[in-house]
Amino acid sequence: MLTYTVRRILGMIPTLLLISVVCFAVIQLQPGSFLDQYREDPRVTPEALQAMTRQLGLDQPVWVQYLNWVKGIVLHGDFGYSFANSRPVSSLIWERLGWTVFLAVLTLLVSWVIAVPLGIYTALHRHGKRSAALNFLGYLSLATPDFLVALLLIALVLRTGGTNVGGLFSPDMIDAPWSAARVADLLAHLWIPMIAIGLEGVAGLMRQMRASMLDVLSQDFIRTARAKGATGRRVLWGHAVRNAVNPLISLAGLSLPSLISGTIIASIVLNLPTIGPYLYDALLNKDQFVAMTLLMFSALLLLVGNLLSDLALAWADPRVRFE
Amino acid sequence: MHVRTLTLLTLALIGTAHAAPKKVTGYGSLGIVGGKSGGTYTLPLGDSPQSLFYYGAIDNNLGLISQQMFDGLVEFNLATYKIEPALAESWTITDGGTVYTFKLRQGVKWSDGQAFNADDVIFTYRNMIMNPESRAGDPGNFKLGGQNVTISKVDSMTVRFTLPRPAPAFLLQQRYFIMPQHKLAKYGQESGAKPGDINSAWPTNVAETEVVGTGPFKLGNYTAGQKVTLTRNPNYWKVDAAGKQLPYLDRLEFLIIRDPQAQVAQFLAGNLDQLNVTGAQFPDLKQKEVAGAPFKVMRSTALFGSPPFVAYNFDAKNAALAKVFSDVRFRRAMQSAVNRERIIDTVYNGLASLPGHGVAPVNKAFYANTTRQLGTFSLNDANDALDAMGLKRRNAAGIRLLPSGQPLELDLTYGTDSAVYPSIATILQSDFAKVGVKVNLKGILSSRLLATGQSGDWEMILHAFGDQPDPELRRPIWQPGGSLYYWHRAPQPAKDGDPANTARMASWEKEIYEIFNKAAVEPNAATRKALYTRWQLIFAQNLPVTPIAKPENIGAISTRYGNYVYNLGVIPGYNPVPLIYQK
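In order, the protein sequence lines correspond to chains A and B.
Each position in the first sequence, counted from 1, maps to that position plus 112 in this note's numbering.
Each position in the second sequence, counted from 1, maps to that position plus 199 in this note's numbering.
There may be inaccurate statements among the hints.
To be verified - Cβ-to-Cβ under 8 Å is the rule here; a few derived chain A residues that face chain B:
# : residue
1 : V156
2 : N197
3 : R208
What the hints assert, rightly or not - Straight-line Cα separation of at most 20 Å, EDC-like style, residue types lysine to aspartate or glutamate; simulated pairs:
#  : chain 1 : residue 1 : chain 2 : residue 2
4  : B       : K342      : A       : E159
5  : B       : K516      : B       : D656
6  : B       : K393      : A       : E159
7  : A       : K183      : A       : D171
8  : B       : K281      : B       : D294
9  : B       : K637      : B       : D586
10 : B       : K694      : A       : E159
11 : B       : K342      : B       : D294
12 : B       : K522      : B       : D449
13 : B       : K717      : B       : D669
14 : B       : K393      : A       : D171
15 : B       : K641      : B       : D630
Stated by the list, open to error - Far from chain A, by Cβ distances over 10 Å, these chain B residues were calculated:
#  : residue
16 : Q305
17 : R334
18 : A461
19 : A468
20 : Y712
Don't read these hints as lab results, they were simulated from the structure.
Note that this is a predicted model, so its numbers are computed, not measured.
Beta carbons: idealized from backbone N, C-alpha and C, even for Gly.
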């Protein structure tokens, strides 16, 4: 198992290098440059543009820019410089990482806690009216984009005279020290993003869980378990659910990169201080090292998530073994 | 001799009597009244500031905050837009308009209590404004006819600029924010820093106490991606008519909200106290106001702001089209097919007015009334004029044929991500079709419009350039051969800084070229105005570009606040916020 893990981790290095080359190439293929947005400004003379090009190293050939960037990471752990912010990329990302992770983990947990029981329920009561209603709601929320749900919720809150229409805090609580009131304020704001972002995940997971349950329920080992005289509950939780949950473990690993890119539009609409909108801007403006770092981070999360879910699978499913 | 000494003495006495602070009076016509101190005012900010150092990033959001923390030597009068004293208490212009001497205001203190003096001004001009490596500097304005403007210190409270030639717009430009030397010295070239180092001063994670200014507010707190809080600067140098210290407000908060719809929602929820809105958002908000919502929606004619225009490429790749485009009869004929009224009504919800020609109609100092030359919308006139210029033949589809036999069909390049361009483009397309000119819409990102324009790879373009209070400040756009005069690139010099190629200009372009050269150095205000009047008339008759409309500024403000004057936007030297008070 350990050898396997080490081998997998070592295998990530060439993969990441390859991904970085592709990402860099794609960013370069985008027309224009970071400096284009300044050409229209009467304050910016052609000489100033030249000076900026030189300062930012954009006058060097693309492959030199790339190699310098990789060299910086390997030798100094320096992920480059944000053109727009004149600050190292890593400190900028760090600033925004906290709320991003908090929101992502929370929505992930909430959607799991809701989706798995619902999936099991709808699988066990395939032909019930309640299941049909739940399935219908599932389809509906799957088909509704998260930002639209967010907008609808905002409209609803406004209509009922509420004031918590976006962001994570009321204006006067944003920079206040932590207190009971601040936590209450956070909770009052948190439910909108939880519903808007979490709902889509719930629907998907629920369908997955349902399908997987149905699959497992018709397997021989369930019949065997029943024949052995195990109780209904033991058959359900000990055998059926335990096996049906395997595909979801893989899914959980794959959903790690959504930390960064999963909720860009909802974050913009709901005004959440997460990394998503930042990546969006960096790509639009060709702030290349910010975009590169975020994309690489996203790729790394995908690889790590994959590895974690494989390990978790091995632990959960006795049929999966590496040795 | 005695008389002179006496006058000097009296002047000196008046000088001391008037020395700091500046009394802000005379705005009764704008509805300004005496306010009371205290309160918090919350505004939206479109995105996180990229830096907290104004000259380190070209960023509107940073500009909006900086405007409240820093001042320039001179500023705009809020009602007349005339230049009046700010950090400079007075100035003299001597030696035929080439020497500008600014006497600084006595007793001004930085927000950390240090005294403000000439060294700060010189430090700021040398390291930031005149420094070509500084991101948001403005070195281009300090090179006249290829020679540099020099700045020198006369005494601790006087600075002097010496110009290589007269430049009447120079005073208007000196609204640049002045930065504190005592906080930024280590980034200055005097202490051995490289010229480009200045850009990395005050990054967004700087300690709040480092950011020091002379403006009405100082930096209180910045929470990344969420909020910027400014607090009252106790040392601010302005007082109201009754002598009460400004600003009235204790705190100014900027909530960072990227989505315009989210800003509206936050405003309706009462979390924002003021919001600048677009024509599209106006009807909904106005309706709510009429229904008794606790805010007012106000509209005002705009001085700054980009009026959209259409331009035809005189150097289009298709030679037959280029020939038609550079024929003034064609541009005039097509102007009759531009339905300005409809665009103002439907695209801007009526919240725009007829445009000027390079100068905003509200600009009393320079605008010449060219409304008549805008003509009226008439498809018949357009048809007749196109027939008259020999484009009579049409093909089976009703499209006019060029003399070469090819149909008169052109691409209109416009920005798809703008609130107004797509609808304007469709209106133009449909009306042009009715006079036998086929328009194919070619949408690109608005941020690419200028680069596309300058590349020459387009036929007709829908774009906008801002008006400025003095036409001299927009010379690269409107002077033929200028770097932004992209609809006719033939006269542009091969190398930046070389004189334009006048041989390739049409006679009217040559005249405009001469006018700009003359007006740039003409010290007499009346003569300058006459020159620019002539330019606007030539512009209106020859239509290097066809202006479409001048959008108005619309702002919504909570009724809890008084003394609201529409903020022109991020314009250094125009700041009505210190007068706002909480009722």
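Going through the hints against the structure:
{"no.": "1", "hint": "V156", "verdict": "7 Å, holds"}
{"no.": "2", "hint": "N197", "verdict": "5 Å, holds"}
{"no.": "3", "hint": "R208", "verdict": "6 Å, holds"}
{"no.": "4", "hint": "K342/B - E159/A", "verdict": "12 Å, holds"}
{"no.": "5", "hint": "K516/B - D656/B", "verdict": "7 Å, holds"}
{"no.": "6", "hint": "K393/B - E159/A", "verdict": "17 Å, holds"}
{"no.": "7", "hint": "K183/A - D171/A", "verdict": "18 Å, holds"}
{"no.": "8", "hint": "K281/B - D294/B", "verdict": "23 Å, violated"}
{"no.": "9", "hint": "K637/B - D586/B", "verdict": "16 Å, holds"}
{"no.": "10", "hint": "K694/B - E159/A", "verdict": "12 Å, holds"}
{"no.": "11", "hint": "K342/B - D294/B", "verdict": "18 Å, holds"}
{"no.": "12", "hint": "K522/B - D449/B", "verdict": "62 Å, violated"}
{"no.": "13", "hint": "K717/B - D669/B", "verdict": "14 Å, holds"}
{"no.": "14", "hint": "K393/B - D171/A", "verdict": "19 Å, holds"}
{"no.": "15", "hint": "K641/B - D630/B", "verdict": "17 Å, holds"}
{"no.": "16", "hint": "Q305", "verdict": "31 Å, holds"}
{"no.": "17", "hint": "R334", "verdict": "7 Å, violated"}
{"no.": "18", "hint": "A461", "verdict": "5 Å, violated"}
{"no.": "19", "hint": "A468", "verdict": "4 Å, violated"}
{"no.": "20", "hint": "Y712", "verdict": "19 Å, holds"}
When the structure is compared with the earlier hints, violations turn up for hints 8, 12, 17, 18, 19 and for no others.
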